[in-house]
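Hints in hand, dock the two standalone chains.
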Amino acid sequence: NAGVTQTPKFQVLKTGQSMTLQCAQDMNHEYMSWYRQDPGMGLRLIHYSVGAGITDQGEVPNGYNVSRSTTEDFPLRLLSAAPSQTSVYFCASSYSRGREQYFGPGTRLTVT
Amino acid sequence: QQQVKQSPQSLIVQKGGISIINCAYENTAFDYFPWYQQFPGKGPALLIAIRPDVSEKKEGRFTISFNKSAKQFSLHIMDSQPGDSATYFCAASISGNTPLVFGKGTRLSVIA
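Quick note, the sequences are listed as chains A and B, same order. Per the numbering used here, the very first residue in the first sequence carries number 1; after that it's consecutive. Per the numbering used here, the very first residue in the second sequence carries number 1001; after that it's consecutive.
Isolated chain B, as found in the complex (with noise of 0.2 Å):
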């Protein structure tokens, strides 16, 4: 049973663009959604996170954006530029107490 759903797999977006990727999860009991960045040959690196006592939580260019009731977050990337073409994962938990549950990945590209 996959706890945590990501979507799309991969996803083409040109400079300058929004990029959005979806996550959905089931268990109810995740109070931690972080989403984490990995470029190819490196260890994923933690990018944001977001606790679901709030909606949107914005770095830089980089937003999530949570619906506790769809149980689902998001990831937007404004302004894409071909430095943010990696993979990117999100993951959910119940913070202090189960493992990180990942998504299954989506590599982005960004053309110019």
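Here chain A stands alone, though its shape is the one from the complex (with noise of 0.2 Å):
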């Protein structure tokens, strides 16, 4: 099993760009995350999905969308970038909500 994956591992944007992380996951687990890890803040819940087709927002989800179309892929889209979404962002996935999370190795983005 490869476990989470995620695409790509690093990552420059200009101001206004959008573009899409990814994240897959081959554990068939119903519940998958986007966190964001910024220095001194710990990891910060964006979106959460319970199964597909059905998300939520978590602790800081603006500027951020997503969707969940199939069990294994949770992408998470920037809209329009901003230099304050510069971060390290994780996908994670668990068989429930609350339970243990596999985090996959991140997203470093630079917006500038």
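Each hint should be verified, as a subset may be incorrect.
Said to hold, decoys possible - Think about it this way: if two alpha-carbon atoms lie no more than 25 Å apart in a straight line, the pair counts; the simulated DSS-like pairs of lysine-lysine are:
1) 1068(B) x 1058(B)
2) 9(A) x 1104(B)
3) 1057(B) x 1104(B)
4) 1042(B) x 9(A)
Stated by the list, open to error - The following label-pair restraints were derived from C-beta to C-beta distances:
5) 88(A) x 1046(B): 30 to 36 Å
6) 1026(B) x 20(A): 20 to 26 Å
7) 5(A) x 1040(B): 16 to 22 Å
8) 1014(B) x 20(A): 17 to 23 Å
As the list claims (entries may be wrong) - Among the chain A residues that face chain B by a calculated CB cut under 10 Å, a handful are:
9) 54
10) 58
11) 60
12) 64
13) 72
14) 99
15) 100
16) 103
In short, the hints are calculated from the structure, not lab data. Beta carbons: idealized from backbone N, C-alpha and C, even for Gly.
Set out below in structure tokens:
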């Protein structure tokens, strides 16, 4: 099993550009989530999904969009990148909400 | 409102010493308390977790102590090694019901 995979590993965007961070898992987990990690701020939940077709907002959802068309994939879209979105983004999956989460390797995003 | 408060922010411990990281929570409905370990450039990974029906759980050199009345739990790393140098996150949730809420993390450095 590959576990949770994320692409790309690194990305540089200009302010106003849009892009999609990809996340896939092969563990048949129903629950998937996106976090951002900033120095001194810990892991903050952006959006999560409890199954295909169902998504909900986390603590810091503004500026991000998600959809879940399959169990395996949970892409995160930045609609119009801003420097405040410079961060490391982690995707995670789990059998259910609030249980052990398996994290991907992360995407380091810089917005100039 | 920060639901899980973690301290200290950083910690330096001599090799062979005991590392202690503390977390406090507010929501008495939380029933799942995991600790995650993150090495530089990697995603967090589950280290050890505890439920409130026990006061202590030990796995090798890692021990979680749980104090339900004080709403606190802590991670003890016995015989700390340079390979334990990492960032540690505590978290809490209502298992199967709410997403994990993470503390802000503790950067541990174990020096020889």
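Can you list which hints this structure breaks, lowest number first? 5, 6, 8, 9, 11, 12 and 13
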